[in-house]
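A.B. asks: Given next are the chains, with one letter for each unit.
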Amino acid sequence: NAGVTQTPKFQVLKTGQSMTLQCAQDMNHEYMSWYRQDPGMGLRLIHYSVGAGITDQGEVPNGYNVSRSTTEDFPLRLLSAAPSQTSVYFCASSPGLAGADTQYFGPGTRLTVL
Amino acid sequence: GNSVTQMEGPVTLSEEAFLTINCTYTATGYPSLFWYVQYPGEGLQLLLKATKADDKGSNKGFEATYRKETTSFHLEKGSVQVSDSAVYFCALSDRNSGSRLTFGEGTQLTVNP
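These protein sequence lines map, in sequence, to chains C and Y. Residues 1 to 114 in my numbering are what the first sequence lists, from first letter to last. Residues 1 to 113 in my numbering are what the second sequence lists, from first letter to last.
Bound conformation, chain C alone:
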């Protein structure tokens, strides 16, 4: 199993550009989520999905869109990049929805918006 994979590893954007961060998992997990990591703030939830076709907002959803057309893939779209979106982005998945399950994280995408 590859686990959770993310592409790209690094990305530099200009203000106003759009892009999609890719996330895929090969563990047949129901739950997938996106977090952003900023210094001194831990990880904050952007969007999450409890299954194909179902998504919901997390703590900091503004400026981001997601979709979940398959169990495996959960892309994150930045509609019009802003410098405040400079961060490290992590995708995670877990097998269940009850809350006690381990979450598996991808290696992260480091995004810089100029």
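Check before you lean on any hint, since a few could be wrong.
[To be verified] Under the rule of at most 25 Å between Cα atoms (straight-line distance), these lysine to any residue pairs were calculated in the SDA-like manner: (1) C:Lys9 to Y:Gly43; (2) Y:Lys68 to C:Thr102; (3) Y:Lys60 to Y:Pro40; (4) Y:Lys56 to C:Ala100; (5) Y:Lys68 to Y:Gly1; (6) Y:Lys68 to C:Lys9; (7) Y:Lys68 to Y:Thr26; (8) C:Lys9 to Y:Val87; (9) Y:Lys56 to C:Gly42.
[To be verified] Which chain Y residues stay away from chain C? Per the calculated CB distances, all over 12 Å, these: (10) Glu15; (11) Ser72; (12) Glu76; (13) Val87; (14) Asn112; (15) Pro113.
FYI, nobody ran anything at the bench for these hints, they're computed from the structure. Just so you know, even glycine gets a beta-carbon here, dropped at the ideal spot from N, CA and C.
Mind docking chain Y on chain C? Use the hints.
C.D. replies: Then chain Y, alone, in the frame of chain C:
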């Protein structure tokens, strides 16, 4: 709402020293508690967890006990190694939040030889 507070870092220790990283939480109901570790340049991975009061999670010499009376889940290790240098995150989830995790700020640990 849910929240997690970790001791401020960074923490610098010598090899074989005793480690404690404090974590306290606020949550509705009975949360599950986690410690995740992030090694340099990598994603997070689960270090240990506890799902009910008085449970002790342990892994790789690290331990943490779920204390409901003090709403705490402090991480301890008796003798740290240089390879333990990483960022440690305390986190929780509860039945209302499903699999959504609430994280603390993270504590950077550096262990010197």
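A.B. asks: Taking the numbered hints from earlier one at a time, note which ones the structure violates and give those numbers from smallest to largest.
C.D. replies: 6 and 13
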